[in-house]
Each structure stands twice: as C-alpha cells, then as structure tokens.
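Undergrad: Dock chain B against the given chain A, drawing on the hints supplied.
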Amino acid sequence: MFGTLRKGFEFHLGTEIINIRIPSDGSRIDHELEASMIHVPFVSASVFCIHPRNDEMKHIVKIMALLVALSAIWISLLQISVIPDSYTWLLPLYFIITLGCYGLFMVGIGLMQFPTCPQEAILLQQDIIEAKDFLKTKGVDVGSD
Amino acid sequence: MIKPTPFKGFNGGDREITVKMENQQKEKSSAKYSIIVPTYNERLNIALIVYLIFKHLSGIDFEIIVVDDGSPDGTQDIVKQLQQVYGEDCILLRPRPKKLGLGTAYMHGLKHASGNFVVIMDADLSHHPKYLPSFIKKQMETGASIVTGTRYVKGGGVHGWNLMRKLTSRGANVLAQTFLWPGVSDLTGSFRLYRKSVLEDVISSCVSKGYVFQMEMIVRASRKGYHIEEVVEM
Chain A
1 MFGTLRKGFE FHLGTEIINI RIPSDGSRID HELEASMIHV PFVSASVFCI HPRNDEMKHI
61 VKIMALLVAL SAIWISLLQI SVIPDSYTWL LPLYFIITLG CYGLFMVGIG LMQFPTCPQE
121 AILLQQDIIE AKDFLKTKGV DVGSD
Chain B
1001 MIKPTPFKGF NGGDREITVK MENQQKEKSS AKYSIIVPTY NERLNIALIV YLIFKHLSGI
1061 DFEIIVVDDG SPDGTQDIVK QLQQVYGEDC ILLRPRPKKL GLGTAYMHGL KHASGNFVVI
1121 MDADLSHHPK YLPSFIKKQM ETGASIVTGT RYVKGGGVHG WNLMRKLTSR GANVLAQTFL
1181 WPGVSDLTGS FRLYRKSVLE DVISSCVSKG YVFQMEMIVR ASRKGYHIEE VVEM
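Residue numbers (our numbering), protein chains in the order written: chain A, 1 to 145; chain B, 1001 to 1234.
Excised from the complex, chain A in its bound form (with noise of 0.2 Å):
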C-alpha cells in the first residue's frame, strides 16, 4: 500500500477521504507519517461501521467514562498515599458493597412505600356489574368462566 502512489491519488475509506500527494519533486514522503495518516481515520471509521447502533456506543462510553474516571482517582490516592495502602486496595470493593447496599435500600424504601389505592378495586367491581348488566342485555355471553 505505500509502495509505488500515483500522483494526486485519492484513497476513499468509508466516510473518511484521504488525499495522499506525492510532490511533483519526486521526494518521498516519510511513510511512518503515510502510515499514521491511514491508521487512524481506518480505526475510527472501522469503529463506526461495525457498530451501527450509535446511540447505544454512547451509554457504554458514558458508563466507561465514569469508570475510568473512578479508576483514576483510585490509582491517584495510591500514589499519594494520603490514606494506607492497605485501605486504597479494597476501595474498588467496598465501593461495590456500597452499591449493593445502596440497590438493597431503595427497593426496601420503594417496597414500603409502594402507593396502593383499595379504592379502586372497589370502583372496579362497580364497573364490572354495570358492564355485566349491559351485556346480559345485548346478548353477549357473560357468565363465569
């Protein structure tokens, strides 16, 4: 591929176009720099053509990004060492513990306070005779099952 360019040859690559110029002068260009060039825009057009769901790449890149910020500020604190090393380690599982205990106290809260309207099961039965009534009077089947 960066053997022998035509002049002014145009390398089309999905949604990237890449102009390689050889210069009239006959000089070579540094390949590494070709190479990068090609590299690069290839990835990241290659990234979006095999992941064609766009919009679910940006929740896995949002959750990534809180990942990696976290991890850095963990491997921050073990380069400091404000806190022992030895409790820097396990932040990575009691920050998951806490999760676990967080997930476990919002459905006990949701569980308790769970709106419930017994008002309505009573509206409902009163629904049910007048719908049986009308139906008895059209002569739909409504006995019970």
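Be a bit skeptical, because a hint or two may be false.
Incomplete in silico selection of chain A near chain B, CB under 7 Å [unchecked claim]:
(1) 111
(2) 114
(3) 135
Dumping the calculated DSS-like pairs for lysine-lysine here, alpha-carbon to alpha-carbon at most 25 Å [what the hints assert, rightly or not]:
(4) B/1080 <-> B/1032
(5) B/1080 <-> A/132
(6) B/1138 <-> B/1055
(7) B/1166 <-> B/1130
(8) A/62 <-> B/1224
(9) A/138 <-> B/1130
(10) B/1209 <-> B/1224
(11) B/1032 <-> B/1111
(12) A/136 <-> B/1055
(13) A/136 <-> B/1130
(14) A/136 <-> B/1080
(15) B/1080 <-> A/138
(16) B/1032 <-> B/1196
(17) B/1209 <-> B/1111
(18) B/1032 <-> B/1055
(19) B/1166 <-> B/1209
(20) B/1080 <-> B/1099
(21) B/1055 <-> A/132
(22) B/1098 <-> B/1111
(23) B/1055 <-> A/138
(24) A/132 <-> B/1130
(25) B/1224 <-> A/58
(26) B/1032 <-> B/1138
Think of the hints as simulated: they come from the structure by calculation, not from any bench. A virtual CB, placed ideally from N, CA and C, is assigned to each residue, including glycine.
TA: Using the frame of chain A, we list chain B on its own:
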C-alpha cells in the same frame, strides 16, 4: 392551507406559527387510535374491557384489535358476539393458532392497525380504560411520541398486589434505573400509547422476550431520543 399575507415585517414568523397550529389541528381531527389487546383465556374480561373502552372513549375515532393466541376457553366466540353488538369495523379479531409470545402479538396487531396512534393494553383489567382519555389528552398537549402510564408517581398506585409481585417490580426498576438511566419512572408498566411509526421502529430493534420485553421497549425508545411523557394510572 396557508393563507398568503402580503404585508412585510414579522410575516415569516406568523406564517410558521399558523402552519404549525394548523398541522396540530389536522392531527387532532384525523387522529385514529388502534388499541391492541393480546388475549389468552380472557373469556370474561375481554367483554368487560370492550364495554369500558366504548364507555370512556365515546366521540373518539378508534378500533380495538384483539390478538387471540388460540384460547381454548372460547374467547374468540365472545369477541364475535361483541362484533355483532358494536360493529365489525370497530372490533377486529385477528387470531393466531397458538401461544407465540407477547412481542409477536404486538407485531401481528400492528400489521392490522389502521390508526396513526397505537395503545397497548392488557386484557386482564389491570389496565383500566378510564385512563385512556388522559393518555390521549397528554399526547395532544405535548405532542409526545410515547405516553406511558406510571404507578410509582404520587397519584398512581396498584391494588391487589402481593409482596412478591411488588418486590420483583421494584427490584427490576431499581436495577434498570441504576445501570440504564432510562429517564422514565416506571419501566415495567405496559399501559402505553405510541405513535404508530415509533412503535414499529422500537419493536423491530428489540431482541428480548417475556417480562424484559416491556422494559427493553421503553429503554430503546428513550435511547433513540423519542419524546416520552408520563401519566399516573392505577
């Protein structure tokens, strides 16, 4: 129809607002609602549901599509009797040979839907048709693509649920809220009003089956950026 106004000044702005208002009026007057009700062994409830829908949606153009999965208790006979009472153009019976799943029932019903809005309901009276006017009103006010009923917001609620059911519902919601950030308060509820094109788009991109299917639909819709509104229901 655009009324041509020859004067200058804020002409463009006025005309845009007139066109938008007229489009909304057109949509309001031409809105037809297809209500898809998948049934299996709902001999008694289907008659009650149909009566209640007709009672609460008088004056609105709608049709009911009953997708029956080969119920052995004679649900289809009841639906045929209801068709005699209410008319075959209002109640469509589109049966299937056997139980083939909820998602495919929706897709089957969608193929026969002629309205531009689709409502999905359960046939077991856990979704009361009296909330349908509030769904329609909310959609018309906000122009939303999806209106979903929520039982977790103040004013909503459930009745007759045992602890296990409440636990699974809350647990699934908390799990999904922690990891998926859907932007909707009630993910497991299945009482929803969709614009027809939006439902087709969302259903074609779903891959799961069963209980998770309802959650997946709303999460995918929220990812795709559709305008979702919520209405309290009990």
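Undergrad: I'd like to know which numbered hints this structure contradicts. Please list them from smallest to largest.
TA: Violated hints: none at all, because every hint is consistent with the structure.
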